[in-house]
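A.B. asks: Take a look at the letters that make up each chain.
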Amino acid sequence: MSTDREAILRRLKTKLYRDENPITDAFSRLQAPPLNIIPKRGANDLKNKVKNFIEEAEMADATVTKIEGLASLPKVITHYLASQNLPTGIRVADSLVDVNWGSQPLLSVKKGRAKGTDLVGVSRAFAGVAETGTLIYLSGEENPSTLHLLPPTHIAVLMEKDILGNYENAWTNVRLKCEKNAEGATSLPRAVSWVTGPSRSGDIEQTLLLGVHGPQRLHIVVVGNG
Amino acid sequence: MESSAHKFKDLAFTARRDAHLQAALGKLGSGFSLKRKEAARRLPEFEGLRDQAKTIKDHVLENLDFYLERFEERVIEGGGELHWCGDADAAQKKILDICRKANAKTVTKSKSMIGEEIAINEFLEKNNIEPIETDLGEYIIQLRGETPSHIIAPAVHLNMGQVEDTFREKHTTLEPGRKLDEPQRLLEEARSQLRDKFLNADVGITGANMLIAETGSTVLVTNEGNADLTHTLPRIHIVIATLEKVVPTLEDATSILRVLARSATGQEMSVYTTFCTGPKKSKDEDGPDEYHVILLDNGRSELLGSEFQDMLRCIRCGACLNHCPVYQTIGGHAYGWVYSGPMGAVLIPALIGLDRAGDLPNASTLCGQCEAVCPMRIPLPGLLRAWRTKQFEGSEKNTLGKILLKVWVTFVKSPKLYRGAMNFILMILEIFGRKSGGFQWLPLAKGWTQSRDFPSPAGPTFVSQWKKGLLMSDQEELQKRQKK
Amino acid sequence: MSDIVKNKAPVVGLFVTCLVDTLRPEVGFASALLLQRAGCRVEVPLSQTCCGQPAYNAGARADTKAIAKNVITSFEGYDYLVAPSGSCAGMIKEHYPKIFKAEKKWKNRAEALAIKTFELTQFLSEEVSINASTPETRITATYHDACSGLRELKIKQQPRELLLKVSGISLKEGKEAERCCGFGGLFCVKYGDISTGMVDEKIADLEATGAETVLGGDLGCLLNIAGRLKRVGSSMEVRHIAEVLVGSLDVPAILKTRKIKK
Ligand code: SF4
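Protein chains in written order, with the working numbering: chain X, 2 to 227; chain H, 21 to 504; chain Y, 5 to 266.
No lab work stands behind these hints, which were simulated from the structure alone.
Hints are not guaranteed to be accurate.
[As the list claims (entries may be wrong)] Between beta-carbon pairs, the in silico distance windows are:
#1 Y:254 with H:410: 45 to 55 Å
#2 Y:144 with H:181: 33 to 43 Å
#3 X:14 with H:375: 24 to 34 Å
[Claimed, not checked] Capping the alpha-carbon separation at 30 Å, the derived lysine-lysine pairs in DSSO-like fashion look like this:
#4 H:433 with Y:194
#5 H:55 with Y:108
#6 H:47 with Y:69
#7 Y:73 with X:16
#8 X:116 with H:433
#9 H:27 with Y:108
#10 H:466 with Y:194
#11 H:436 with X:41
#12 H:74 with H:113
#13 H:74 with Y:169
#14 H:426 with Y:69
#15 X:111 with H:217
#16 Y:105 with H:436
#17 Y:109 with H:410
#18 H:47 with Y:176
#19 Y:102 with X:16
#20 H:217 with H:113
#21 H:426 with Y:176
#22 X:116 with H:303
#23 X:16 with Y:105
#24 H:436 with Y:73
#25 Y:73 with Y:102
#26 Y:69 with H:433
#27 H:436 with Y:69
#28 Y:160 with H:57
Glycine included, each C-beta is placed from N, C-alpha and C at the ideal position.
Generate the whole structure from the sequences, applying the supplied hints.
C.D. replies: In structure tokens form, the structure reads like this:
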């Protein structure tokens with residue numbers, strides 16, 4: 002394939018009307034990614050960001066509950082499952098090990114990546130973006146991607162403080178968290194996933210249907226500091 | 021994919037008489053385009069974001085080699101492999117190679133227009149590897165042996181009954197008496213059929229909406245989540261993408277994402293947008309062991325630096341199809357190849373040759389609706405006209421149309437000749453049309469007169485009447501004139 | 005006589021367009037009258053033929069240039085060029101400067117002409133002003149936005165405001181007033197079947213408004229729409245907006261037989 006490589010690059014270089022000098026603005030664009038236009042709608046104080054996030058997420062057909070502190074999470078999940086007539090077996094991300102699941106003996110909790118048979122996956126979102134009610138997940142040992150993809154019901158745990166105005170804020174935090182190479186470029190986790198609402202399709206007569214391959218239900222639990 | 025773009029007129033004729041298709045197309049205008057309008061209205065920065073998206077992509081195209089080489093470095097650094105492929109053949113071979121090495125029997129696929137371009141499914145099948153489309157629409161048309169009729173809604177031409185028939189015919193192991201009379205039931209059946217395929221596939225092939233030079237990531241956008249299952253579950257993830265998909269940074273990709281879904285379906289953001297970077301990391305519990313990017317040229321480098329370079333900004337949102345009155349009249353299959361609508365009419369001649377798709381750039385009124393909605397501000401009507409220029413100037417052949425145009429031009433260029441000719445023609449037309457007031461048949465204008473009347477002229481040309489009567493200054497005089 | 009102050013009146017070269025010239029001279033006279041009422045001196049250069057759009061859209065660049073040069077030469081001496089067509093005005097205003105990209109001298113002349121080129125309703129609302137001078141017209145009408153006027157010249161409100169101000173007509177808007185009618189110049193002959201599908205969509209929308217008259221600013225679209233309406237036996241009338249603004253409604257609508265009113 003190396004011949005294809007050379008041939009393609011040669012074609013590109015002859016087709017581009019540009020002088021030989023290295024493309025300085027392209028270079029600096031990668032070194033220090035400039036911010037582009039950012040919609041104002043996300044720029045708010047935390048209280049309003051949370052409000053915007055919830056509104057937008059609901060518009061995208063997610064459901065949202067707000068709680069104060071992680072302690073009540075198992076109870077809230079038990080209630081949610083009951084309200085949806087769902088069984089109580091859940092698959093939970095390692096990022097939520099601190100939660101005292103034992104407080105709800107009815108819940109049967111499994112860890113690790115999701116299997117095809119799991120009905121409910123619970124994971125922790127890295128961030129929530131107020132702009133569009135989007136959740137951001139970073140893959141990794143603590144948060145297998147399958148948890149928010151395979152089970153038909155997904156419960157996202159989102160700390161209130163992780164609700165950001167816009168995607169750019171989230172990239173800043175992702176970059177802070179990730180390793181850099183020698184040139185300072187960020188090494189992203191294998192999968193950074195933005196999730197906005199439950200899975201859907203309009204492929205049959207343009208009718209909106211939820212839950213095609215990803216979850217049919219997306220329930221977001223926003224956890225305040227209280 | 022084999023092209024039937026040369027049969028455009030016949031295909032369009034049939035499409036106009038396909039009641040199912042017409043019903044489906046009827047919904048398109050009121051669905052996608054209304055939603056796009058609403059999404060644009062909700063975001064005050066939308067027009068500015070369009071300008072910005074265009075600027076970003078123009079910058080990329082001017083530095084395409086640079087960004088691709090950076091992208092390559094980053095993919096390799098992240099533990100992936102990158103394969104440059106000049107054309108469809110090279111890409112097919114490379115993909116087969118990877119599948120063979122992995123001893124793959126089944127491949128799940130998430131919708132990829134590039135996959136259609138290189139006809140990867142047929143090729144894998146021929147080599148005894150089973151490709152399974154997982155996008156619901158793609159799955160349906162794969163079962164039916166059809167091709168996509170819309171770049172983001174591949175089965176938009178079908179109705180529920182047709183899908184039901186297909187499922188009954190193909191899902192033979194299921195209870196024949198089962199109920200399939202609601203979209204939700206059809207969906208559940210497809211979901212459960214595909215579940216095992218996802219879990220058992222050896223290789224997952226996806227397209228990419230963008231490639232990011234800064235991080236070596238491939239960006240995948242879906243609403244169903246099928247792309248995510250496709251790259252997360254199998255041992256090997258293969259991405260097929262063409263050169264122009266690269267963008268510089270995460271921020272740049274973000275800016276383009278802000279206009280993509282809004283233009284496509286009117287959503288604020290698609291449900292799943294995933295940035296895939298490399299194979300699974302050492303401690304990851306899921307994800308593929310291998311990550312391959314097939315970087316395909318397939319004619320793109322030829323467009324660079326040409327009058328068609330603007331087309332390389334296209335992000336395949338489908339807005340130009342959704343808003344095109346011609347597309348809404350004939351649907352996607354009439355275009356005869358992978359793409360359709362205005363973007364297809366520009367792109368298809370570039371990729372398979374103008375001589376094989378000569379109708380496409382002409383079958384447009386150049387109404388400009390596509391350019392008005394294109395998030396990347398691609399001057400589609402101008403590009404269609406550029407193809408017409410190539411056609412007109414590029415061939416020695418004198419078609420009837422060309423000869424007539426030449427004759428007309430000769431007159432138009434010379435006002436004296438023109439005046440004489442027009443008055444003569446009008447005289448003749450008036451004599452023939454006097455009785456009926458209009459024509460139902462005219463020589464050389466069958467396309468018009470078979471469905472429309474043509475008015476018979478009311479007298480000599482305006483200019484010659486004006487010359488005789490000169491300036492009028494009030495209405496009586498006008499009316500006097502009209503009565504004469 | 006009109007009250008034009010002779011030496012101050014702007015001189016308008018009326019580019020009547022080839023379709024009006026040959027098929028509906030009434031629109032030419034109506035345009036001329038409207039311009040006079042707005043205080044202009046109207047001249048009609050006899051050397052005008054066509055703006056060259058058919059050649060341009062067929063890809064015949066050299067021919068287009070030759071035709072454009074004739075238009076430029078014929079009209080550059082006037083204060084304004086006004087055309088009762090958004091598509092011809094758009095051609096001159098938006099495309100002439102582009103086609104002479106590589107010929108500096110002609111490019112400059114094309115640009116100079118482009119600046120003073122206007123579509124009729126645009127001119128009457130933006131450059132001059134015209135007042136109600138016709139008795140209130142009692143027709144219910146809907147307006148078809150022709151593509152080039154709408155998208156190249158941004159003509160949307162001007163005709164509507166003029167109709168209200170000059171003729172007291174408020175419109176019944178079609179849901180898809182901005183949708184292409186399927187005319188497209190040579191397109192409607194070359195791809196007659198597709199064009200028919202498009203015009204059928206258009207007339208369905210027009211008829212759904214319940215209006216009795218279709219108005220528009222481009223004769224090409226209007227001929228297409230009227231031709232189809234007649235063929236399917238609809239009673240809707242089709243007119244160029246200039247005819248209504250000037251108040252000459254006793255002229256039969258397009259493709260309506262010229263009956264003598266009793
Ligand atoms: S040409 Fe523009 S509108 Fe059409 S698919 Fe491409 S980006 Fe979207």
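A.B. asks: Each hint should be assessed against the structure and marked as holding or not.
C.D. replies: Hints and how they fare:
no. : hint                         : in the structure
1   : Y:254 with H:410: 45 to 55 Å : 50 Å, holds
2   : Y:144 with H:181: 33 to 43 Å : 41 Å, holds
3   : X:14 with H:375: 24 to 34 Å  : 29 Å, holds
4   : H:433 with Y:194             : 24 Å, holds
5   : H:55 with Y:108              : 45 Å, violated
6   : H:47 with Y:69               : 42 Å, violated
7   : Y:73 with X:16               : 34 Å, violated
8   : X:116 with H:433             : 75 Å, violated
9   : H:27 with Y:108              : 42 Å, violated
10  : H:466 with Y:194             : 9 Å, holds
11  : H:436 with X:41              : 62 Å, violated
12  : H:74 with H:113              : 34 Å, violated
13  : H:74 with Y:169              : 41 Å, violated
14  : H:426 with Y:69              : 14 Å, holds
15  : X:111 with H:217             : 24 Å, holds
16  : Y:105 with H:436             : 29 Å, holds
17  : Y:109 with H:410             : 25 Å, holds
18  : H:47 with Y:176              : 23 Å, holds
19  : Y:102 with X:16              : 24 Å, holds
20  : H:217 with H:113             : 24 Å, holds
21  : H:426 with Y:176             : 43 Å, violated
22  : X:116 with H:303             : 18 Å, holds
23  : X:16 with Y:105              : 22 Å, holds
24  : H:436 with Y:73              : 16 Å, holds
25  : Y:73 with Y:102              : 13 Å, holds
26  : Y:69 with H:433              : 10 Å, holds
27  : H:436 with Y:69              : 19 Å, holds
28  : Y:160 with H:57              : 18 Å, holds
Checked against the numbered hints listed earlier, the structure breaks hints 5, 6, 7, 8, 9, 11, 12, 13 and 21; every other hint is satisfied.
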